[in-house]
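Residues per chain, in single letters:
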Amino acid sequence: MTEWRPPIALVGAWLGLLALLALTVALAYVPLGAGNGVVALTIGTIKAGLVAAIFMELRHRGGLTLVFAGAGLFWLGILLWLGSMDFLTRT
Amino acid sequence: MPESSVFAPQYASIPHRDHTAELGMWVFIATEVLLFGGLILAYVVYRHAFPQDFAAGSRHTEIVIGTANTAVLLTSSFLVAWAVEIFSPATAKIVTRLLVGAACLGLAFIVLKGIEYGKEYDEHLVPGIDFQFPGPKANGVQLFFIFYFIATAIHALHMLIGICLLITLAVICQRAPSTRHRTALHSAALYWHFVDVVWIFLFALIYLPGRSTS
Amino acid sequence: MSAKNYLTADFTLRSWFLTTDHKRIAILYFASLIFFFFIGGAAATAIRIELATPQADLVSSDVYNRLFTMHGIIMVWFFLIPSIPNTLGNFIVPLMIGARDLAFPRLNLMSWYIFMLGGCVTLFAILAGGVDTGWTFYTPFSTLYSNSYVIVAAAGVFIAGFSSILTGLNFIVTIHRLRAPGLTWYRLPLFLWSLYATSVILVLATPVLAITLLLMATERFFGVGIFDPRIGGDPLLFQHLFWFYSHPAVYIMILPGMGVINELVSCFSRKQVFGYKFVAWCSLAIAAVGFLVWGHHMFVSGQSLIASLVFSFMSFIVAVPSAIKVFNWTATLHKGSIHFDAPMLYALAFIGLFTIGGLTGLFLACLAFDVHATDTYFVVAHFHYIMVGGMVTAYFGGLHYWWPKITGRLYSEYWARTAAILIFFGFNLTFFPQFILGAEGMPRRYHVYPPEFQVWNVLSSGGAAILAVAYLMPLFYLGYSAFFGKRAPANPWNAPGLEWQTSSPPPEFNFAPQPVVTREPYQYNERFEAEPQNA
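Residue numbers (our numbering), protein chains in the order written: chain L, 1 to 91; chain C, 1 to 214; chain U, 1 to 535.
Each hint should be verified, as a subset may be incorrect.
Unchecked claim - So the derived label-pair ranges between C-beta atoms look like this:
#, chain 1, residue 1, chain 2, residue 2, range
1, C, Ile110, L, Ala53, 40 to 48 Å
2, U, Phe35, C, Leu107, 37 to 45 Å
3, U, Val371, L, Leu88, 21 to 29 Å
4, C, Asp130, L, Ala53, 21 to 29 Å
5, L, Thr42, U, Val371, 38 to 46 Å
6, C, Thr168, L, Leu64, 23 to 31 Å
7, U, Thr8, L, Leu64, 36 to 44 Å
8, L, Trp81, C, Gly118, 46 to 54 Å
9, C, Leu107, U, Leu472, 56 to 64 Å
Claimed, not checked - Facing chain L, a subset of chain C residues (Cβ under 10 Å, in silico):
#, residue
10, Phe36
11, Leu74
12, Ile94
In short, the hints are calculated from the structure, not lab data. Note that CB positions come from ideal geometry on N, CA and C, so glycine has one too.
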């Protein structure tokens, strides 16, 4: 009777996510100047990637699903890029 | 059509239906990304305008509760992913327990969030209702807390919807799970994980900035 | 009658209001949209009557503000955006791809209920006293100064947005997953390519509108200054967020029209659409590049010069795929065997009017000219040429083209042609003078104006009267034909699309045997064999 056991990948992802959470909180207290924001967002992106690839099963999915999953992010990029352009280039 | 009881007539087969439902869920998630995207743009613009104030506002959030909530949510996502993975009529009982467990963790998140809101109210940090912040940073801090409350409230609303979905599915799975319910569970799980991902970013934007300075 | 069709399958009210049949939902949408069209049209009528004289003789400035706001909100969100996608699209998409229904029929019904809820909330805002912010809800007027029902109206639009999202989601997944065997992407009728592109915009832009309206309503309700400069907020952030949705929404209001025109031009020239692949990809290009141009609504708002330059440049770029389409339609007409049936008259009107609207759009994309034309009637004329001259004309064209399929009846060709010609002349008489008014400097959104502008305003109001009559005409002859018209054969236009291979009106699940596609679309040169007619 092993059919109820979680696959090793899921357990690994879960423990990895918790470890990354501890890491990001710890690093937030290390003075890195502007680097703190970069570190926080990089670790956040890695965590989101883990959730998407393993919990949301994207690693088993083909091109179409990946395109659909990426489309939202791509358009988010457009919104943030052109939306902040005005504010970053004001004189 | 004799097969219409198993899957709707517009589909050719059960896998066809399931893959279609999954694609639909991904399109829905893309719209959700853009919904939160508008808030993120507001955050980016105002943090760029008031970097010190946003750091000061961030230091006034409860990092202990925020971190605990992140761990709670990641764990509940793990339970849901586990339930999806082992779903079958033979494991109905365990699946039900996993889903109830995930829903309870979701409720724990909401309760902790409520405690956090209460603390912020006591500290006069709720814009529009009771906001007092001494010093020149008041404006930027207020913008930070407006973002904080709107973003976390919308996120909590998503959580509540997700909790209802998980409990409904737990009740159904206890009775007679079929392939249709597997599809439903799969879709609900995608939604739940997405809410998790949103929180991962909110956590990084709300709780972490400004911790290393004072 | 050999078999029951979707209209005769069941006659109970329940069978209509709880239907999951895409064809019946299309009819529900159709009836609702007629209602909203005439409400929006009534507001337009009042505006044009008021503007017939330079003085204020019909309404006060306050009422006038509410009139044009109501006209804008109703026409944009409760007519134009759902017009072709939710009626013709809902009806035709599954038929065109040889499917039995959309991918998510219950979601489709839900989208109609959400739409009606949004519509009712908006109507309540109007009946309670109206909104005076303009359809754009610009802050700080909407949040600090307006004394009208801003939050209720915004809530109505917010709710209706979810209906758009569900429809877009349904179309995208349906076109991906439910195509008949053999129906590859390059065999899809171009109407589907443009609806697909439209759906991408619906799905990715509408949520940003939702969050924008939510932020605006929060600021108004709680009195917090999200966009209020007094506490550090920036009103331009609202405009950026709003136009991130609302400029792509302009393409929601034209792409489906372009899609219909492909079908009409090809059918009534009896020719394949020239440059099929270019037209197909141009739809997607418009949808994608359309997201990069929104700042051209903000040239005089105080945004940075670099942002203005980038948005101006992108606005010129987005004209390229639109121009390619116009050239390809004209090339399709070349050496075609042209039939001037009513749908074709609408299609030709569309090409002309859209070209004028598109070219004046290039004027406005130009920074230096836009500073002069901002908030004048030039802008009003420009977007009415696209949205009314373009989209509404295409909507009528498509409606006539597919009317025999939808109702199983033939309309009076004489009256249909008369209405089409009247619409064309009435439209030009209404809106061309507005270009001149705008170029001479008449600002929009005022109900009084200097007397020297009266000639053009009277012409415009006269044209509007003709247009109003012309828009009412189809209500009568199409309404008559739905009950008393001659029965239509399965394929009255002798067209090769899949939707013509099932009976008129189609049976409940569209096709008895699953159709299989073996050739490219628009094969008018081969003599097409019609199915046995079921009259």
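How the hints compare with the structure:
no.	hint	result
1	C:Ile110 x L:Ala53: 40 to 48 Å	27 Å, violated
2	U:Phe35 x C:Leu107: 37 to 45 Å	44 Å, holds
3	U:Val371 x L:Leu88: 21 to 29 Å	23 Å, holds
4	C:Asp130 x L:Ala53: 21 to 29 Å	43 Å, violated
5	L:Thr42 x U:Val371: 38 to 46 Å	43 Å, holds
6	C:Thr168 x L:Leu64: 23 to 31 Å	29 Å, holds
7	U:Thr8 x L:Leu64: 36 to 44 Å	39 Å, holds
8	L:Trp81 x C:Gly118: 46 to 54 Å	38 Å, violated
9	C:Leu107 x U:Leu472: 56 to 64 Å	57 Å, holds
10	Phe36	8 Å, holds
11	Leu74	5 Å, holds
12	Ile94	5 Å, holds
Of the numbered hints given earlier, the model fails hints 1, 4, 8; all others are met.
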